[in-house]
Amino acid sequence: MRNTVRIFATLSVALAMQAGASSAATADAVEYYHAASNHYFLTASPGEVAFMDGSPNWRRTGASFKVWPTAADAPAGAVAACVYNAPVIGADVRFYSVDMGECDFLSTFDLASYGGVQFYAVPAVNGACANDLQPIRRGFFDNGQGNINFRYSTTLSAAQDSMDRGWNDNGVTLCVPGTSMARRADIIRLLRQATFGPTDELISRVEQLGINAWLAEQFVAPKSAYPDLPYVAFNRPDTCTGSCSRDNYTLFPVQVRFLQNAYTGQDQLRQRVAFALSQIIVTSGIEVNHPYGMARYQQILLDHAFGNYRDVLYHTTLSPVMGRFLDMANSNKPDVARGISANENFARELLQLFSVGLYDMNMDGTLKTNQAGEPIPTYSQTTVENFARVFTGWTYPPVGGGTATRNNGVNYEAPMQAVQSNHDTNAKTLLNGVVLPAGRTAEQDLNAALDNIFNHPNVPPFVARQLIQKLVGGSPSPAYVGRVAAVFANNGFFQRGDLRAVVQAILTDPEARGDLKATANYGHLVEPILLTTQMMRGLGGTSDGVYESRQLGSMAQSIFSAPSVFNFYPPDRKLPATGSTAPEFAILNTGTVFARANFINNIVMGNAIAADTSVTGATGTRIDWTPWQALAGNPAALVDKLAWTFTAGSLSDSARNIIITAVNAVSATDTLTRAKTAAYLVLNASQTQVER
Amino acid sequence: MNNSPMILTRRAFLQSAGALAGVSALGTLQGLGLSNALAQSAPPSDYKALVCIFLFGGNDGNNWVIPRDNAAYNLYSSARGGTTNGGIAIAQSALVAINPRSVSAGFGLHPQFAPMKSVWDAGKLAVLCNVGPLVEPLTKSEYSQGVKDRPEQLFSHSDQQAQWQAAISDQAARTGWGGRLADVIDVQNGASTMPMIASVAGSAFFTIGNTPNTVAIPSTGSFGLTGFNTTTASTARLNALRELLLLNSSNEFVREADDIFAQAIDSSNVINPIITGATTSLNSLFPTPATSISNQLLQVARLINARATIGLKRQIFFVSLGGFDTHAGQINTQDGLFAQLAPAMKAFYDATVQMGVADQVTTFTLSDFGRTLKLASGGGSDHAWGNHHLIMGGAVRGGDFYGRFPDHALGGPDDVSTNGRWLPTTSVDQYAATLARWLGVSASDMPLVLPNIGRFSNTNLGFLG
Chain S
106 MRNTVRIFAT LSVALAMQAG ASSAATADAV EYYHAASNHY FLTASPGEVA
156 FMDGSPNWRR TGASFKVWPT AADAPAGAVA ACVYNAPVIG ADVRFYSVDM
206 GECDFLSTFD LASYGGVQFY AVPAVNGACA NDLQPIRRGF FDNGQGNINF
256 RYSTTLSAAQ DSMDRGWNDN GVTLCVPGTS MARRADIIRL LRQATFGPTD
306 ELISRVEQLG INAWLAEQFV APKSAYPDLP YVAFNRPDTC TGSCSRDNYT
356 LFPVQVRFLQ NAYTGQDQLR QRVAFALSQI IVTSGIEVNH PYGMARYQQI
406 LLDHAFGNYR DVLYHTTLSP VMGRFLDMAN SNKPDVARGI SANENFAREL
456 LQLFSVGLYD MNMDGTLKTN QAGEPIPTYS QTTVENFARV FTGWTYPPVG
506 GGTATRNNGV NYEAPMQAVQ SNHDTNAKTL LNGVVLPAGR TAEQDLNAAL
556 DNIFNHPNVP PFVARQLIQK LVGGSPSPAY VGRVAAVFAN NGFFQRGDLR
606 AVVQAILTDP EARGDLKATA NYGHLVEPIL LTTQMMRGLG GTSDGVYESR
656 QLGSMAQSIF SAPSVFNFYP PDRKLPATGS TAPEFAILNT GTVFARANFI
706 NNIVMGNAIA ADTSVTGATG TRIDWTPWQA LAGNPAALVD KLAWTFTAGS
756 LSDSARNIII TAVNAVSATD TLTRAKTAAY LVLNASQTQV ER
Chain L
118 MNNSPMILTR RAFLQSAGAL AGVSALGTLQ GLGLSNALAQ SAPPSDYKAL
168 VCIFLFGGND GNNWVIPRDN AAYNLYSSAR GGTTNGGIAI AQSALVAINP
218 RSVSAGFGLH PQFAPMKSVW DAGKLAVLCN VGPLVEPLTK SEYSQGVKDR
268 PEQLFSHSDQ QAQWQAAISD QAARTGWGGR LADVIDVQNG ASTMPMIASV
318 AGSAFFTIGN TPNTVAIPST GSFGLTGFNT TTASTARLNA LRELLLLNSS
368 NEFVREADDI FAQAIDSSNV INPIITGATT SLNSLFPTPA TSISNQLLQV
418 ARLINARATI GLKRQIFFVS LGGFDTHAGQ INTQDGLFAQ LAPAMKAFYD
468 ATVQMGVADQ VTTFTLSDFG RTLKLASGGG SDHAWGNHHL IMGGAVRGGD
518 FYGRFPDHAL GGPDDVSTNG RWLPTTSVDQ YAATLARWLG VSASDMPLVL
568 PNIGRFSNTN LGFLG
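Same order as they appear, the protein sequences are chains S and L. One rule links them: number in this note's numbering = place in the first sequence (from 1) + 105. One rule links them: number in this note's numbering = place in the second sequence (from 1) + 117.
If we strip away everything but chain S, and leave its shape as in the complex, we get (with noise of 0.2 angstroms):
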């Protein structure tokens, strides 16, 4: 280390400069790296910069990040960063701070000369720094021989690659002001999360408002509506074919009014949310094929996305629809003399996958395990045969209105209505040993049972685990399913339950925002309908969604049409190789792989779609590609929007260069298969299809 250029010796004359540089808003951080020595260096300060870069033995890293050089250009919560030198331990080091500890500590070294101030920054809270802030990791090298070295990266890989060299992560310690690219890649990250795809105008909007607002702006949007349809005889008339049986005895009417709220809705948030839900409390066409109950049940789910998850749980137990779908409708009391029992059905699924699951949970998901280190049970056989006890009794609502006598036939008109003498009045025992006392009517035994399982400790992490696998991804660290179960469990005004309040903490969380992810299983893959909703969003596509309802089935995904209550992928799916949670896999295999890529190509390489005729008010499905044909001269700007749009500018270069390479190949005058070349290469990616 005897040759390190002593920097330091400048150092009066750099501060002397820097307090008559002019003061913009914000200065940029620039970083050098000395390669004789192996050491970074960091500054802030324009006299110094200027004397680096007249430093024949440093050179500039390329990195830089933007600080604010006062504090009145610095926002609320910054404070100063202190720096220290210390040119005589080896090699000339620069430490900088906004760690009072920290700096204190410093100062007590006498090798460590205190240097002033040169920017002021926020620091990181739990490792993470606000919205629109950039968060700095600080390296720190020893070698154990009085060879030390602090260097500041603003991505993750640079932190990697000098961890890769043995460089210690201290983490994120400092929060800058966000460039715009960091800034911008954010949002479009947070619209994949919480819509159903970017568009132009949604990027501006949230540039414009900045992320908390737009969330509390989507928290009042105007909501969508399912369409209105009668109630229809339980067996499809013989009478009734065509688009009759279609719009009476399929769900085609909601799956295509669903596609249409998605692709056009302004209450996008509250759409994605519902569209969460439907995915953990789930019913489904293989069963409920009469669209007027399905657009009612769905409703409910548009009502209270952002409500309370207990009158979720109430209005959904109380669904003809789930009524039909898990056999709670005119479940009766067990009859001893015919040794008939009550349905366990909707208890079990209710019990295991709607509220509490199958094991006992910390806060944060992690199982609790007893002291043979085994998983917990939540409940046991018998407490499904008491809760299936206490939903007897309920039957469907007379058909044209009334109260319900006796049970009836398949109406889902409204919500289920109690039969008492088809009710079990004697006395169950619920979860943790709670006992119902007998003689209470179908009525107060249900609610008793859902506050019962309302107030179960599992159903925060429960709920907020499976919520922040639906928007952000499949493998969400503990740490932040306790932060966002924390908010369900109390949203801060000692209510349990605040939707709201959830994802509101879901799509604020650091590990939702900020950088690009480094994190090896960050993310999760697009599903089907979201790929649908992105392609058509991101191009600027106009559709009627008739064919798009179409060919979701092939992709394994036909809108409220799962399987079966476990919906179409369970929460829990590992990749076999990693052990990674990665729950969208379970539909993904070489057969849904070639319907993602046909459909992307007869919707993007293909001409438009010509309208139904059959369905009133058919549009067909068409993209406008004059946008994309005006850039396709230029295939690098073509493809670089594209990117943006579709991987929030997470694309690598070696993926655009393909792509670049692939559009150079088409002939500069043909802009239509140019644009279509690029998106049809932007959308098959799978650096694209998975979202992080």
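Note that these hints are calculated values from the structure, not bench results. There's no promise every hint is true.
[Claimed, not checked] Calculated cross-link-like contacts (lysine-lysine; reagent style BS3-like; alpha-carbon spacing at most 30 angstroms):
| # | chain 1 | residue 1 | chain 2 | residue 2 |
| --- | --- | --- | --- | --- |
| 1 | L | LYS257 | L | LYS165 |
| 2 | S | LYS622 | S | LYS438 |
| 3 | S | LYS622 | S | LYS473 |
| 4 | L | LYS265 | S | LYS473 |
| 5 | S | LYS746 | S | LYS171 |
| 6 | L | LYS257 | S | LYS473 |
| 7 | S | LYS438 | L | LYS257 |
| 8 | S | LYS622 | S | LYS171 |
[Unchecked claim] Here are a few chain L residues that sit away from chain S, every Cβ distance over 10 angstroms (derived from the structure):
| # | residue |
| --- | --- |
| 9 | ALA214 |
| 10 | TYR260 |
| 11 | VAL301 |
| 12 | SER367 |
| 13 | ALA445 |
| 14 | GLY473 |
| 15 | ALA512 |
| 16 | ILE570 |
Model, not experiment: these values are computed from the prediction. No residue lacks a Cβ here, since even glycine has one placed at the ideal position from N, Cα and C.
Based on these hints, arrange chain L on the given structure of chain S.
Frame of chain S, contents of chain L only:
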């Protein structure tokens, strides 16, 4: 880490095929297979395949295989609420009579299984009674006293489906026994680059092994990329798509998606011509109108018919039929499903006869769990445990029962509850071991396929020759 040797091979191949800039890589694949085969020891000369039919939802075996003699029938019927007024017993007179060779009692199959009567009579269909997940052999008193481990989460769909497919019930497994069977057996397939397992029912846990080795194909239609032609622009786009799949990524989900896509492209070059080609004589054996399960089994027959082209000597197929979770309205629902299943199974058996491979193809059923014998409110039955299953094929020692048929007394010696939930007397491990042994797994390799098989003394139930 993500790149298993097999995927490396496939992706290397994909790359070489892509480098040829041709749309079809079939010629390359055959050339590669041939040259590699010459360098290796010869695979077995015969062909063998297992075909798994998974009945999703929990098929009610109590109404599949039914005691026919008066006393036993009456016990069954009364537990099921009789045949009228919402009861779910099958009428005694409607049963398809079968007389298992080594059992001194009459039984009947569900009436919709009439098409399979001739297969039973020919001795090519066997019943395995009261089989289910077990951690180790377990008696009712051991179960009641809790002195031995029970399978995790009995009566839960997801867990029990997984345990039937994993043949592991004392912990959450990451692989299925079909996948592990392929892990062990695939060396017998020599240099073929085709995946050993084909699913015609999408992704299935059963097929997941330690090495990715499954191709999922649709039951109808083509299997491959559409939208390409021989123009320069199209060729460039296809090559770019291939190159994108070969990029490495720091994100494991991106790598996994790339691997599946790469495997799909490789497999389709071989499989698509097979399943889109004319197979008129096979088609004519299958029912009209086609059903989902008949289409799936016809697709399996087409693949077996093309076994020389595919080049595998040992194969595993997976098909499925869902809708068996008959909590209510069971009589009509199960009747409708069996009306699809039985003719499809019969057609498939006939297809193996026509192709001359009846002795080399063994078909068997799995399902989530059995169902309660006792009637549940709404005319159905609830989740239970032990269940009956069928094994079909020329190599099957059929016309007989294996395992022990349970005593139908509610709360009786075989019931772990009072609702008719049978404690299995045969484990899934033993069932799977018998099938795996037939396919060619040695006794010493069996624990690789079935890690808990050592806990059971009888590892060959005898239903296969």
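We went through each hint and held it up to the structure:
For the proposed pair LYS257/L and LYS165/L, the alpha carbon gap of about 38 angstroms is over 30 angstroms, so the pair is violated. Proposed proximity of LYS622/S and LYS438/S is contradicted: the alpha carbons are some 53 angstroms apart, above 30 angstroms. Of the supplied pair hints, the one linking LYS622/S and LYS473/S holds, its CA atoms being roughly 29 angstroms apart against a limit of 30 angstroms. With a C-alpha separation of about 22 angstroms, the suggested pairing of LYS265/L with LYS473/S holds against the 30 angstroms cut-off.
Distance check on the hinted pair: LYS746/S and LYS171/S sit about 25 angstroms apart at the alpha-carbon level, within 30 angstroms; holds. Between LYS257/L and LYS473/S the alpha-carbon distance is near 29 angstroms, which keeps this suggested pair within the 30 angstroms criterion. Note on LYS438/S and LYS257/L: the hinted pairing holds, with a Cα-Cα distance of about 29 angstroms set against a maximum of 30 angstroms. Taking the CA atoms of LYS622/S and LYS171/S, the gap is about 20 angstroms. The hint holds against a cut of 30 angstroms.
The non-interface label for ALA214/L is consistent with chain S: the shortest C-beta to C-beta separation is roughly 27 angstroms, beyond 10 angstroms. The Cβ of TYR260/L lies farther than 10 angstroms from every Cβ of chain S, with a closest approach of about 12 angstroms, so its non-interface assignment holds. The claim that VAL301/L lies off the interface holds: its Cβ sits roughly 16 angstroms from the closest Cβ of chain S, which is beyond the 10 angstroms cut-off. A beta-carbon of chain S comes within 10 angstroms of the beta-carbon of SER367/L; the shortest separation is about 6 angstroms.
In this structure ALA445/L is not separated from chain S by more than 10 angstroms, as the shortest Cβ-Cβ distance comes to only about 4 angstroms. With a cut of 10 angstroms on Cβ distances, GLY473/L stays outside the contact zone with chain S, its closest approach being about 29 angstroms. For ALA512/L, the requirement that its beta carbon stay farther than 10 angstroms from each beta carbon of chain S is met, with the minimum near 29 angstroms. In this structure ILE570/L is separated from chain S by more than 10 angstroms, as the shortest Cβ-Cβ distance comes to about 21 angstroms.
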